[in-house]
Each structure stands twice: as structure tokens, then as C-alpha cells.
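**Q** Listed below, chain by chain, are the residues.
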Amino acid sequence: MTDKTILEVQNFDVDYGYGDAAVRAVSDVSFTLGASKVLGVAGESGSGKSTLVYGLTRLLREPGVIVGGEVKFHLDGEGEFDILSASEEEIRKIRWSHISIVLQSALSALNPLRRIGREFDEVLRVHDANLSKEQRRERSEELLALVGLRPDRLRRFPHELSGGQRQRIMIAMALALRPELVIMDEPTTALDVVTQREIVSELAELRRQLGFAMIFITHDLSLLVELADDIMVMYAGQIVERAPAKELHDAPRHPYTLGLMNSFPPLHGERTELEGIPGSPPDLKALPTGCPFSPRCAFAMDKCRQERPPLVLEAGTEHSVACWLHDSSYQGAVPVELSKRLAKNSGGAQ
Amino acid sequence: MSQVETGKTLLEAKALSRHFIVKGDGGFFSKRKSIAAVEGADVALRAGKILAVVGESGSGKSVLARLLSRIVSPTSGELVLNGETVDLKTQRDLAYASQVQLVLQDPFAAMNPVRRVGHSLERPLSIHGVPEDEISARAHEILESVSLTPPQQFLDRYPHELSGGQLQRINIARALAVKPKVLLADEPISMLDVSVRLGILNLLRSLCDDKNLAIMYITHDIASARYIADEVVVMYAGQIVERSNDTSLINSPQHPYTQLLIASVPDPTKLGAEVVKAPSGGAAAFNLNGCRFSPRCSQALAMCATNEPPMVEVAPGQHAKCWLHASDAQRASVTISNKSKNEMESKNV
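As given, the protein sequences belong to chains H and Z, one line each in that order. Using the working numbering, the letters of the first sequence map in sequence onto residues 1 to 350. Using the working numbering, the letters of the second sequence map in sequence onto residues 1 to 349.
Errors might be hidden in some of the hints.
[As the list claims (entries may be wrong)] Derived DSSO-like pairs (lysine-lysine); straight-line CA-CA distance at most 27 Å:
1. H:K340 with Z:K14
2. Z:K23 with Z:K33
3. Z:K33 with Z:K14
4. H:K246 with Z:K270
5. H:K246 with H:K133
6. Z:K14 with Z:K89
Source of the hints: derived by calculation from the structure; they are not laboratory data.
Starting from the given sequences, assemble the full structure and let the hints guide the process.
**A** Here you go:
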């Protein structure tokens, strides 16, 4: 695979509300995404993961406001496209044909009064006026076949389909114009595990065929470990950790990541009591000074309550973390749970 | 509180079924169809034990909880509470409700948004006849039992001021207010933030142990069932397809559906292992004559499509409703009856 970058985000900030009432939902987020790569974004509700992608695609609605940062989308052969300064007209051309989104609730994303075929027809017609009605129909059927649905589904209304079928239709529509980047906002959260498994393996297959890059949002870290190249963990609107998927799973650095991982009971091994994460998810209206996770963190020190830790890249790795425990200024010993080392090129034995 | 012996059966369902009448496929005037949302369910809830009911959406697990709480009345079958058969022809009375309580999935929808938490907590107490002067003290006590302290701070709040995890604790507290013996928890953690889910599971476990409650924990998350349950049943399309009187069915599933369910769970420790290809199904793929799972089953036999499989013991304390595990004699009896049926039909022609 090439090392080409497709999306570059710098110091991105999103607020809800204005002036004194404003709440910072996404705070100082920077990352890059390589072409054909999968970036997983993990975090709980309220961590800003959905707001982030709505902001990136300029789909954010009032009272959400993008207050700062830079988002650059690299178009093949056409150079850079500055998403934040583009006009509404320009952004509409990019959306769907280059960047598309699949939302969590496919039922509310589809018009209940329209047959599926009409939705497909519209997407294709709006973006390519040269296609004839016949061609559009053929292309729609092709797209359905791509996600394993029969062509007669085009005649159906959304309520006649199951949750998994509707989500497949959303994915097929997102791929309709062969975008370079597909954003998936919790596409499988509302589905049961068996259907989730089907859709995830279909997505892997589709990516092999079509080679699009993907941002996949979910609260389920174990799903991301299977699916993503890199994982970014968000808490209270900030990135607290980013690492290659396997490394994040095997050697988490941030206490929140560790807590999140320990919040899922395992399917194997001994049954032991797990603790999860004490306390409540953060209230964005009243974030503590310092590290937003400090009130719930078992390892919090005085410094954590005073100063917010920056996201720092660990030397010689692709692993960044925002935690004072891993800062060069920290003199003490890093807790053993957070200092696991990955053997280089190990086959994954644990 | 009067202690009940651990392991004693408190609430038992015998061959409980519920059918719903729905519109047919052919438009407004088509014949009405009957759907068996729960069919022939046998479950026993025991003091100090947690029974996990695992199944996907549409498997009938929530209807089962509503049947046991008598919010929905069964089409057929029997309920036995404390050894006495419940008269299902009458409306649910206060006495039944005070012994069997239901906790619902969505803590936000379960609370009155315009009333303070205190109101929602004290009302059931007065309805159930707790003397006026004891109510406030009881409400404090209950909140403390679910680790919401100081209680007064929560009693004065409105639901929107609390997080989902706190609200679900209050919901559980409210269900416990009338000192029930049986608690039915319908997906109590699925709407909550990931980081607070374990807290609720641990709370259920400790309530079960401390108060000797019988708990039915309904979930689609088989890993969480393994975490807190003593016994597990798996439901598919309204029927219990596998059960074990410990969690052994999760470690060694025998029914093809349970196997599929477990293989589908994302598991980072099995990374790189062969990913199961799940046969497509969806709500439509139910077979109503034979085994309901047979259209999706990769190991289905010819008889599976036409004959309902028996519940077979596959290991000590573990049963699966599957022809694959049936004895030769059981299979043979079906083959014979099929043959004679065919002969009868050919004679009629």
C-alpha cells in the first residue's frame, strides 16, 4: 500500500452553542489518515466522536459550530481540498462522490415513504446527470449485489427490510459513487452480533475490492481491534491515545483505554470480578481543570488535576498518548498495566 | 428480611407460550396470522441465582420477561410463584407485583421526566402500603443500597440531571423498593455507557447474593451473561434452544445457533483465526414446522426442516434442542412416523 495521505486534520475544535454558553465538544484534535487505511475511533457517548466526523464533513447542524482548525482532503490528481473554507456548493460536490457517511440508525436515514430504488436513483442522478434511467437502474442493482442483496429489494420500502438489510443498503449507497473515504458512525451498534459479524466481514471484502479508506466509529474496542489499522481513543472531546490497533490492544498506555478494555467481560478464561471505570462519564459543561479523566483515574497525581497533558508521540513508535504518566518529566515508575512492551514482530502470542 | 433458602425455586414458568395475531402478507383483507413470540418456555428462577436469557432481537426474550411479570398474559402455560400456581385468568394484583419486579432497558424512558427522582421512588412505596412516616427513610435506605450517596442529593434531582448509569441504579432501586423476591432485568445495560456497564452488573450480582434475590438477566451480549450468570438459556425465534445449569454452554456450545452466536462475538484474542461466515438469516428466516433455525443452519439434516427437534441432554446439566444430538432411537421414530404419514397421504390420493 502507498503512504499517501487522504485526510489531514489539524487542531480541530467544535463547540455547541455560542459565547459563554458554548460547550467544547471536540477539542484540539489532530490526525492524518492514509489512503486505503482504516482508522477506528473509540469512545463513549459524549466523547465527541460523532461530532468530530459531522464537523469533518461539514454536516454539523446548529448549535454546533466549527471554531478552529484545518481539514485538508487530498483528491487524487486534483491536489488539496480545504474542507473548512470551501463553499456549501463546493462541499456538496465532494460529499458522497469522494467522502460518504453511513449513520448508526439506517431506519431514520431512509425516507419511510420512498421505495429503496428511488433513493439510489436520486443519488446517482444528482451526481451524474449523464446517466440514463436504465443505466441508473443497472448500477443500483450492481450496488445491491455488492452487499449481498437481491435486486428486488429496490422495490421495497424501508419498513419491509430488517435492520441488517437496511444497514447494507446504507453501505451500498455510500459506495455508489466510489468514494475514496467512507465514514461509518456506529453502523453495527443497533444490530445483533451475528448480523454485525456478517456486515463487518462484508466490509472487509468490499475494501479489498474497492480500496477505500474508512473511519469507523464505535464504542466496541474489540471490534476495532479486528477491523482497524489504527485506533484513536477519545475522551471528553480529546484524543487521549492513538496507536496501531494491535499495539493499542496489547499494550495500552492511557488509563482510560485500559479501563475501556477491562469494561468488556471476556468470553474465555477464568471468571474474575472486573471493575470497569468508576464514576460517571464527563459533563462537558463542567470539565475539571487538568486532565478530564483525572476524577475517574486510579493513577491520578497532583499534576493531572492542574494541567492538561498534551498528546505526545512515544519515541521510535507510532503510539501517542496524552497522559502525564508517560511524559518525559515524570520521574516515578509507570504502573505495570500501562507499561507493557510489545515484542517486535511477535506473532501475537500472549 | 425473611431469608429464603438459596437455590429454592421462587418463580417457575411451565410451557409458557404467547401468540400475537398480526396482519397477513396479502394486504388489508388477508387472513390474520398468528406469531408465536414465546413458545413452550420452561424457566425456573431460584433464590440467590442469576439466570441469563440470551438471544438476538426478535427472539422473544423481552416477551418472556413481560410474561413472567404478568404485564402480558400468556396464551397457554403455567406460572408457579412460591410453589403456588398463579391464576392467570385474573388481572395481576399488588401481591404479585410486590414479589416480581421488572427493570426495563431504557432508564431515561422509565422515569417521569417532570417529576423529581424522589417522587418516582416514593410513589411505589405508598401504593404498596408503606406507612407515610416510614417512606422517606425507606427511600434513603434504598438509594444507599445501590450506592447512590448521599441519597438526599439524588432525591431532589430531575432525571435529566443524572447520567444513564445513575438512572439505571435508581430504576433498580425503585424495583427493589417493595422488597420483591424476583427481579426481571430486561437488557439493563445495553443503553448505558460502556464504562458504567460493569458497575450495574456488579450491583445486580451483589444484590442477588446479599438479598437472596432470584434474578433473570436478559441480554444479547453473551459475554456479559458469562460474567454474572449462574445458569444460561439461549432463545431463538421464541423457543429455548439450549440451556445449561451453569455457564458451560458458553464454553462448549452444542446447538449450532449458540455456536454461531459465540463465534460472532468480536474477540481480539482470536485475531487472525478463521472468521466464521455467518449464514444470512434475518427475521424472515424462521422455519415454523421443524427446527426454527434450520434455514440458517450449516449442519441441518433433512429431518430438521420438517420435524421439531427434542430437547436432548448433551452433557451433564446441559441440554440442546437439536436433532444432531438426538439418539438414533429418537431419530428413527421420526423417520417412521414420516413414512407412515406419507403412506397415509398416498392412500388418500
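**Q** Are the hints correct? Go through all of them and say.
**A** Quick rundown of the hints versus the structure:
1. Distance hint between K340 of chain H and K14 of chain Z is unfulfilled; the C-alpha atoms sit about 52 Å from each other, more than 27 Å.
2. At roughly 6 Å between alpha-carbon atoms, K23 of chain Z and K33 of chain Z fall within 27 Å of each other, so this suggested pair holds.
3. With a C-alpha separation of about 25 Å, the suggested pairing of K33 of chain Z with K14 of chain Z holds against the 27 Å cut-off.
4. Between the alpha carbons of K246 of chain H and K270 of chain Z the distance comes to roughly 12 Å, so the proposed pair stays at or under 27 Å and holds.
5. With a C-alpha separation of about 46 Å, the suggested pair K246 of chain H and K133 of chain H falls outside the 27 Å cut-off, and the hint is violated.
6. With a CA separation close to 16 Å, the supplied pair K14 of chain Z and K89 of chain Z stays within the 27 Å bound.
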